[in-house]
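Asks: The lines below spell out each chain.
Protein chains: 2
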Amino acid sequence: MADNEKPQGKPPAAEKKGEKEGSKAGKQAVKIPKGTRDWVGADIQVRDKIFKAAGEVFARHGAVQLDTPVFELKHILAGKYGEDSKLIYDLADQGGEMCALRYDLTVPFARWLGMTNTQSIKRYQIAKVYRRDQPAVARGRMREFYQCDFDIAGEYDTMIPDAEILRIIVDVFEAVGLGKDVTIKINHRKILDGLFAVAGVPADKVRTISSAVDKLDKLPWEEVKKEMMEKGLESGVADEIGEFTKHSGSLKKIIDLLKASEKMMANESVKKGVEEMDLLLSYLEAFEIPDRVTFDLALARGLDYYTGVIFEALIELPPNSSSESRIGSIAAGGRYDNLVGMYGRRQIPCVGVSFGVDRIFTILKQRHEDEKQRAKGVDVYVMAFGGKNGLLKERMAVASELWKAGISAEFSAKVKPKLPQQFKAAETGGVPLSIILGEDELAAGKVRVKTLGLADDHPEKEGRLVDRADMVEEVKRQLSEGQSEAAAIPALTKSLDDATIVEKPQTAA
Amino acid sequence: MADNEKPQGKPPAAEKKGEKEGSKAGKQAVKIPKGTRDWVGADIQVRDKIFKAAGEVFARHGAVQLDTPVFELKHILAGKYGEDSKLIYDLADQGGEMCALRYDLTVPFARWLGMTNTQSIKRYQIAKVYRRDQPAVARGRMREFYQCDFDIAGEYDTMIPDAEILRIIVDVFEAVGLGKDVTIKINHRKILDGLFAVAGVPADKVRTISSAVDKLDKLPWEEVKKEMMEKGLESGVADEIGEFTKHSGSLKKIIDLLKASEKMMANESVKKGVEEMDLLLSYLEAFEIPDRVTFDLALARGLDYYTGVIFEALIELPPNSSSESRIGSIAAGGRYDNLVGMYGRRQIPCVGVSFGVDRIFTILKQRHEDEKQRAKGVDVYVMAFGGKNGLLKERMAVASELWKAGISAEFSAKVKPKLPQQFKAAETGGVPLSIILGEDELAAGKVRVKTLGLADDHPEKEGRLVDRADMVEEVKRQLSEGQSEAAAIPALTKSLDDATIVEKPQTAA
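Chains E and L, in that order, give the protein sequences.
Mapping to UniProt numbering: the first sequence position 349 is 349, numbers consecutive.
Mapping to UniProt numbering: the second sequence position 182 is 182, numbers consecutive.
Hints in this document: simulated from the structure, not taken from any laboratory.
Warning: the hint list may mix true and false statements.
Since the list gives no way to pick one copy over another, a pair counts as held whenever it fits inside one copy or between any two copies.
Calculated cross-link-like contacts (lysine-lysine; reagent style PhoX-like; alpha-carbon spacing at most 25 Å) [said to hold, decoys possible]:
1) Lys404 - Lys393
2) Lys128 - Lys49
3) Lys128 - Lys31
4) Lys476 - Lys215
5) Lys414 - Lys272
6) Lys252 - Lys414
7) Lys388 - Lys418
8) Lys31 - Lys80
9) Lys404 - Lys180
10) Lys128 - Lys34
11) Lys74 - Lys128
12) Lys365 - Lys52
13) Lys461 - Lys205
14) Lys86 - Lys416
15) Lys461 - Lys226
Fair warning: this is a prediction, and the values are worked out from it, not measured in the lab.
Let's have the full structure, built from the sequences with the hints guiding it.
Replies: Shown next, in the form of structure tokens:
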């Protein structure tokens, strides 16, 4: 489900008119549209790590990848997002079909299910979605941002796909290295609805009261109660909701708590929900993840279309995190059994999860920076030391040989580059290894392979002069040694000033 | 450079008005916008193989990936595509900035260079671009399609980056398995321009005559000559152009040919171009690819902004290909030294190539189908044979263990699935291996691991009953044996009817 990045602002209708005409006087500014960004270099490496990890987990569960067009026919999106429809980007009417940019990945999936004769599928899609929201770049709210959705569609026995989705959430966060930091809160719409009914909430107020309950993780009880009463609840009714929604704990604990309440269990909806949660617990045990899930009766989730389990993955931030950078939900979803019928003749029950790629990215990037990894992946810089015509063709031939061996390599695209410039280029790029060509050495069939950034007293500081035929092997040897040496650095230099390590050209990723 | 998929049709202004209101009476059709497609399953696997292969080659050359927003400010795109500007998709005016979908990846790259303080970079981008062209899906002309661009920007010595681009084209096609089938045609704008001048083409007619020359690979000389004369050339002038542009061959051959013509070499532009091609040849020799490149004096390329070498990679189709499926250019590009200055204060010389992903996809898909690979990547289907509650939790636990070992696995999401249904599901999904659970075997701590689709007289037809503790190892053993067996099939069954192989559940990718 694609509701993880629910927009929270107003549409940008109030933007300054001036922007439309471009900046100031004269030449129009060369800039990027508001609320969008260019991804480049190290950021893409971190982002791709997330995509790769998630994609591998999904494939392991037999999922098929879907890639839909960036725009859909306008009527496909119409009437699906309630008030948020005003955030949809329309394409201009230039003749022909009326289209709009996709707002999430759920509606395109439902459209695809409706168009094809697919009865059941596990599908995933990782792609950008578009919302004409007021951007807040610092807080990570963008107009173009990534979603990563995994859904199981089809008629299956109760709670089996739901349990697998939860297992997948655990697997994905373990794959990106956040397994220990994430907990999953879970609740069931049938229990929540029944609870509201038992407490005395009128049927037409259930959704609006539900959205008040959803704020309990951010606001104190008093404020939430105030909102409920403003929405027309009596104080006693609100208190009864508050009494139950304050409970959270292991699935077993909350199931037992509910079972112990005759009043609750007398409600058909609660009873059904508890039975399903009981079944879910037994499946989570088979999947070995019951301890990764917390049953939280206050979890409500915003979207209307959920019909069964709902869940939200939360990251525990380190204690020194500022409230500015506080990050809550990084994945969310639930069961929605009545949505696909809007597009096809058949109703297909679905359960799914949407991962907040940008939020996961922000966390991983922080850690990535802590590790001071290098942005580029080039392993070898091929240099000339003097020589006729800067030994350009010789550098080309050496680079060519490295590429053929699958080793990434660069050289200066100058005929006669100076040696310090070449070292500088290698250092700037964080390249760990150099091959230095000299006229006399080449005549003798030799090249120098040298790990960069070694200490002055390191025995291999000057590199090794090797036969040209042994070059590739020597490069591989020094690269793998450099890696183990680099890996050892943090332990060895724990007491050194951080700056000592930063200034030094890094020797491995 | 992103001109590989040059649009050739008219804008779709003439589309039936009716489409705007949706189909027929009543409910609006659930469909996808014209000229777009959903990518799914096996197609995505083939496509990703191209992306991965290209990305690895680019990284090996030290390239950085760039991912720009799907839309740009409208004025960034304005005035960059000449007549084709009418094919740009605008976003509707909903207040705020005026934006349009990207038309290619070159302008966003130039915009990014202009915005950032980047002096030099190797960058690549693989992404969809948008053109409001009349779609011709059968011929592969879409409104949303992929481009894969690699460019080298920066002030470098003559022909060094140009040679590297050519080497990259060779590397990418080798990486996707088309190395043997692709040849690269190359020419130089300075030579072409000089040749026109020598022949007597007026300066203001050079571009339009150039575009006539560009048709020489599709039309007979007589028709091209006719077009030139209609464009105002005298017969003798056209003939002189025809005399030179008919030559193609190795770089050395054509360079020698030009050098032998005093009349040509007297032209400064030709002389400069020939010197550069001479230099390029020496670099291609250092890169070991001079035999992959053909110097074709008739290659002109459509776009105005090329200033130096231009090239086009062509695939040689098998002799039995129908003309319908004839595929010509699958990558193209050249040097463009004056484009980036339109966006920044600095002019940055660039040379680049755009790979035609959709065309490469079509070729690989054809081969992929020939190999009859399975669409999904699931290795194991976990089944129950009888047992209490369909042994669901036991199946879950087994799947869970396989996932943990990195093995892809599925099971029926039914509490009590029938055995034939489970076999059918495995067969449909092309799953090579099954684990079959039985109550008695489980009680004895055993499971059955069985390769699917073995012949009736195969010694392992019934699979192997192994200790639960040895299950993962046995799965890995049978998977790797199944793969080598499947690899041997084409050789062993060469004389059998194809259908024999198709009907059989496939045992490996």
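Asks: A separate judgement is required for each hint: does it hold in the structure or not?
Replies: Now the hints, each set against the structure:
{"no.": "1", "hint": "Lys404 - Lys393", "result": "within (16 Å within a copy, 50 Å between copies)"}
{"no.": "2", "hint": "Lys128 - Lys49", "result": "both (16 Å within a copy, 21 Å between copies)"}
{"no.": "3", "hint": "Lys128 - Lys31", "result": "both (20 Å within a copy, 21 Å between copies)"}
{"no.": "4", "hint": "Lys476 - Lys215", "result": "neither (56 Å within a copy, 49 Å between copies)"}
{"no.": "5", "hint": "Lys414 - Lys272", "result": "between (74 Å within a copy, 19 Å between copies)"}
{"no.": "6", "hint": "Lys252 - Lys414", "result": "between (69 Å within a copy, 24 Å between copies)"}
{"no.": "7", "hint": "Lys388 - Lys418", "result": "within (13 Å within a copy, 77 Å between copies)"}
{"no.": "8", "hint": "Lys31 - Lys80", "result": "between (33 Å within a copy, 16 Å between copies)"}
{"no.": "9", "hint": "Lys404 - Lys180", "result": "between (41 Å within a copy, 16 Å between copies)"}
{"no.": "10", "hint": "Lys128 - Lys34", "result": "both (15 Å within a copy, 21 Å between copies)"}
{"no.": "11", "hint": "Lys74 - Lys128", "result": "both (18 Å within a copy, 20 Å between copies)"}
{"no.": "12", "hint": "Lys365 - Lys52", "result": "both (15 Å within a copy, 23 Å between copies)"}
{"no.": "13", "hint": "Lys461 - Lys205", "result": "neither (74 Å within a copy, 62 Å between copies)"}
{"no.": "14", "hint": "Lys86 - Lys416", "result": "neither (59 Å within a copy, 47 Å between copies)"}
{"no.": "15", "hint": "Lys461 - Lys226", "result": "neither (71 Å within a copy, 69 Å between copies)"}
Hints 4, 13, 14, 15 from the earlier list are contradicted by this structure; the remaining hints agree with it.
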